[in-house]
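Starting from the given sequences, assemble the full structure and let the hints guide the process.
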Amino acid sequence: MKIDRRDFLKLAGIGSAVFASSLGGLDHLTNRALAAENDFFFVQLSDTHWGFAGPAVNPDSMGTLKKAVEAVNNLKIQPDFIMFTGDLTHVTDDDQDRRKRLSGFRDIIKELKVKKVRFMPGEHDAGLDEGKAFKEFFEKTHYAFAHKGVHFIVLDNVSDPGSTLGEEQLQWLGADLKKQKKDSRIVVFTHRPLFDLYPDWDWYTRDGAKAIEMLMPYSNVTVFYGHIHQEHHHNTGHIAHYAAKGLMFPLPAPGSVPVKNPIPWDANQPYKGLGFRSVEAKVKKAQYAISEFSVKGEKL
Amino acid sequence: MKALKSRLLIYGVVATFIAIAIGGYLIAAENEQVIQITAKRFEYSPKEITVKKGVPVVLQFTSLDRLHGFNCPGLGIRMDIRPGKVNTLRFTPDKVGTFPFHCDNFCGTGHEGMKGTIIVTE
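Heads up: the sequence lines are chains A and B, in that order. Sequential numbering of the first sequence, starting at 1, is according to the working numbering. Sequential numbering of the second sequence, starting at 1001, is according to the working numbering.
Honestly, the hints are just simulated from the structure, not real lab data. All C-beta atoms in this analysis are idealised placements derived from N, C-alpha and C, irrespective of residue type, glycine included. There could be a bad hint or two in this list.
Stated by the list, open to error - Over 12 Å on every C-beta distance to chain A, these chain B residues come out as not near it, computed from the model:
1. 1034
2. 1035
3. 1041
4. 1046
5. 1051
6. 1052
7. 1057
8. 1067
9. 1068
10. 1080
11. 1086
12. 1090
13. 1100
14. 1105
15. 1111
Said to hold, decoys possible - Label-pair ranges, simulated between beta-carbon atoms:
16. A:136 with B:1098: 40 to 46 Å
17. A:264 with B:1090: 19 to 25 Å
18. B:1046 with A:93: 20 to 26 Å
19. B:1097 with A:213: 30 to 36 Å
20. B:1031 with A:59: 28 to 34 Å
21. B:1098 with A:178: 43 to 49 Å
22. B:1113 with A:78: 37 to 43 Å
23. B:1036 with A:213: 55 to 61 Å
24. A:219 with B:1110: 40 to 46 Å
Spelled out as structure tokens, the structure:
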């Protein structure tokens, strides 16, 4: 499976129209039909942080998610499904406020035309109550599903406040992977990076190496995650890991500044560093295994 | 009489071992740098710690509210800071420098700002 990434800065187009540079990807996708019947694409949105307030960072904190929903709805071809990779809401210490924010988020994304929408928590949603409130709204925090020949695995590395997957989930992952062929097309969604991106900023998963080790025997694995509010690509062996932009505020590049703080809003370039992503999955061309037989039916 | 002598000998050997052990502990304890740190939402106190390279360090953490974490990737040390007990971490710094540490158990709205620094001097 080849996965093409198309990152859209559609929000910029809706705002002050400063950033339209990435819309070429959108045109590319929408001006033609998907090449093969089983080709498809999905949209990844991440780190919407509904409930965040900080005018210096995002003066449109109440409107950004709505704009993203509108932008996705305006795609000429709608994705097969939409995946939210965590931090749907911004953290609050109050349990009831957390539920209000989850409810507010859900009300906004109900406007999406695509009804096949999947969710996973970030630590802001689930880190203080081990995912209790999140599950009330979106049920499971880790699960697997299949779509057009691709096996998708959603891993939860945030409900444990210590950012571990935990032995129970790792065993579940192992059992799920056992059902797959070594060359199965596998896509993994997580919130935090599974690898040690930058531990000083807590950009890692404490036992992520165990999950990567379990995935390593499979030849066709790609990981999409959020958490770091910027695009990032890294390979662990043959496994590619792609981080997505956020939809509330961008963060600096790993280790680029002494202190990790949100990048302030640039009035000259509103929504800079924010956006969402589509991922187009192309199925392999048909391959034929040819065997020759004699007239007696013996395999040659 | 012979039995009494044997018993006294055994007592003597045991007493000697105890004395050596206590002495060794005291010497080690004198050389250790013991630092008490409290953790609460969303700060450590003290948040800047200075220690000497090559001298054993004992960090004694106490949480005043909930589960916190201590993670100093630069020195390769971490531990959970559980409330209701003293959480002790021993290490011997083997390099000079300034090493940031942070809470790595998500603890709330100010979690991102819960951090500090260990300064290791010669």
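Hints, verified against the model:
no. : hint                          : result
1   : 1034                          : holds (26 Å)
2   : 1035                          : holds (21 Å)
3   : 1041                          : violated (8 Å)
4   : 1046                          : holds (19 Å)
5   : 1051                          : holds (19 Å)
6   : 1052                          : holds (23 Å)
7   : 1057                          : holds (20 Å)
8   : 1067                          : violated (7 Å)
9   : 1068                          : violated (9 Å)
10  : 1080                          : violated (7 Å)
11  : 1086                          : holds (20 Å)
12  : 1090                          : holds (21 Å)
13  : 1100                          : violated (6 Å)
14  : 1105                          : violated (5 Å)
15  : 1111                          : violated (7 Å)
16  : A:136 with B:1098: 40 to 46 Å : holds (44 Å)
17  : A:264 with B:1090: 19 to 25 Å : violated (42 Å)
18  : B:1046 with A:93: 20 to 26 Å  : holds (25 Å)
19  : B:1097 with A:213: 30 to 36 Å : holds (31 Å)
20  : B:1031 with A:59: 28 to 34 Å  : violated (56 Å)
21  : B:1098 with A:178: 43 to 49 Å : holds (46 Å)
22  : B:1113 with A:78: 37 to 43 Å  : holds (41 Å)
23  : B:1036 with A:213: 55 to 61 Å : violated (39 Å)
24  : A:219 with B:1110: 40 to 46 Å : holds (44 Å)
Checked against the numbered hints listed earlier, the structure breaks hints 3, 8, 9, 10, 13, 14, 15, 17, 20 and 23; every other hint is satisfied.
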